[in-house]
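In the order they appear, the protein sequences are chains A and B. Sequence positions in the first sequence follow my numbering and run 1 to 376. Sequence positions in the second sequence follow my numbering and run 1 to 376.
No wet-lab data here; the hints were simulated from the structure. You can trust all of the hints, since none of them are fake.
The list cannot tell twin chains apart, which means a pair is met if one copy fits it or any two copies do.
The calculated DSSO-like cross-link candidates involving lysine-lysine, where the alpha carbons are at most 30 angstroms apart (straight line), are:
hint, residue 1, residue 2
1, K290, K323
2, K82, K123
3, K123, K323
4, K251, K10
5, K290, K136
6, K123, K290
7, K107, K323
8, K290, K82
9, K204, K4
10, K10, K204
Model, not experiment: these values are computed from the prediction.
Number of protein chains: 2
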Amino acid sequence: MAQKFGFELKATDGRARMGVISTPRGEIRTPAFMPVGTAATVKAMMPESVRATGADILLGNTYHLMLRPGAERIARLGGLHKFMNWDRPILTDSGGFQVMSLSGLRKLTEEGVRFSSHVDGSKHMLSPERSMEIQKLLGSDIVMCFDECPALPATEAEVAKSMRLSMRWAQRSRDAFGDRPGHALFGIMQGGVTPDLRAESAEKLREIGFDGYAVGGLAVGEGQEAMFGVLDYAPGYLPEDRPRYLMGVGKPDDIVGAVERGIDMMDCVLPSRSGRTGQAWTPRGQVNIKNARHQDDPRPLDESCGCPACRNYSRAYLHHVFKSQEIIASMLLTWHNLHYYQDLMLGLRDAIAAGQLSGFVAQFHATRAQGDIEPL
Amino acid sequence: MAQKFGFELKATDGRARMGVISTPRGEIRTPAFMPVGTAATVKAMMPESVRATGADILLGNTYHLMLRPGAERIARLGGLHKFMNWDRPILTDSGGFQVMSLSGLRKLTEEGVRFSSHVDGSKHMLSPERSMEIQKLLGSDIVMCFDECPALPATEAEVAKSMRLSMRWAQRSRDAFGDRPGHALFGIMQGGVTPDLRAESAEKLREIGFDGYAVGGLAVGEGQEAMFGVLDYAPGYLPEDRPRYLMGVGKPDDIVGAVERGIDMMDCVLPSRSGRTGQAWTPRGQVNIKNARHQDDPRPLDESCGCPACRNYSRAYLHHVFKSQEIIASMLLTWHNLHYYQDLMLGLRDAIAAGQLSGFVAQFHATRAQGDIEPL
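So that you can see chain A by itself, here it is in the shape it has in the complex:
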């Protein structure tokens, strides 16, 4: 096991990259999809099942964990890995995005953000220094800078002002993080959809120096076209020898497009959240298991899938347990979706390594275009 954090780029195909991130807690094969374990659990999954889908790393949410059960409490209990029974790498976000989207009354200053908890209304402060402290208390392997993500729509001037605040916070995050061998700190590029602002942000982050770089401020409602527009140039502003992380993405076709554009890491609640609302993802697109056409269907969700939901259960069963509001519906559909996402990442990595990404992507879109299997 590596003693230090490192990244090895093993292959490229066009702008797409295949590699391995090394950490003392294990390797992360990139491009990597990180399931989200917001409140110290990937909802409806046992951690050993998450691992069985092929996940090398989880994401934990600083905002949720600081409020409940509390970062100091998790530290006393031995850290987040032990607390939630996941001994592989964990990336934690900084809390910056959730504090703006979820918390109650909040006040943004140069210092940071004061806010009230959405759980119990209690008062809290997040700043670069406190975010670094919390992520250290949690024992995070990959720590994210504390940044501000402006609400859309925003003028270019607003985006510029916010980006420059985030860059000052990036410096304070770097200073507060200190030197922690085996743990990584990632900077977050901002700048909206303006190339000059993205370039300015990237330049500042490179000056400060980070172990990896995130493309922030996307997947916040701007649409796939605008997102891909930024990804067509922004990753190129970042160092080649460090991992590039696109936060909060996405649907399967978002992921494929991001990987084509040089992204190494992604996270999203979509596969787990979809599972709980009866939406399944397959190579042929999205399946709504609530639909009555499944109620007599003995076929699996996806013939080609090796997950327990597809190996052991019919669409009729999944429909029945979902309609009956049985917990196993969430368990099986979440498992399937996470399995599908990890299978997709595996396919992308293999295709990049073989120099066959364009063929893989063409097949991906052609299969989706078929739509779900015909009703019986």
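We have chain A already, so just place chain B on it with the hints.
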């Protein structure tokens, strides 16, 4: 694997019995606790996890399954075992109890019960013949006679009248069941708390002849003392060479008391339902994981337990995920409770085999009397 249904009594200790039920789908070690899989799932559990706790057999509910997804549908899909991915024995109840406790408008006649579904208000009929048909469509290994369980309080005359109706229905159930090698039909003794009525019911059932016999009409709110009062004599009215099943029982001390009184099989929603409401059962009694005293406790629920919840998680974690309404709370607490129940059955079987049941029971009560571990 046995081709026929059979029961071998292997040891007795006082009135308590240890044995094995053989079926084409596998053996059932008795005394056996049967987890309840009402709607084709043991709530919050994967079937392989239920099996891992030590369960040899599940119970399915005719009433729920006939209404949703429908017995004919399950038959078309290959039967309940395949539908819910459980290849070991399944016992199904007759629907008689639930139709009286859960359904809407209902009319009881000599023929059977007409009622409206609690799911969608649709009209249905249950009779001995229809109950046998449904249980056959489901593919049940152990089929229960269709009976009537009178609501309490009831006069002795009401109980007698109801019992005699149930005995006529038992004959009709036997006739409708026919000859199905490898499948068993159990009669259900009624008669409330009146020894003469219990004796009359048992005599009638023995005349008809069944593969096993249930003690019905208990665990319906009469209290443990009254239940044990009946169990002090009623099992003795039944043939020694057939399994005796106490329906809907119970708490751990109910189970121990029933086994002491000659019961071989039991079922109850309690361990799974308790798991979903934050109640855990341990050798030291009941633990309410919601209680704030657990929030910093790094100790497992039960040091002596080998279930995943106890091996891999602290009370602090279980408290956190329960308070956060995370699905994993139901998954882990249900798993723990089912594991504890099966461990208890294993202990009872071993104690009976060794002729040491009284010592085991004394230890069981002494450990419970200690109460839960001291707060930190």
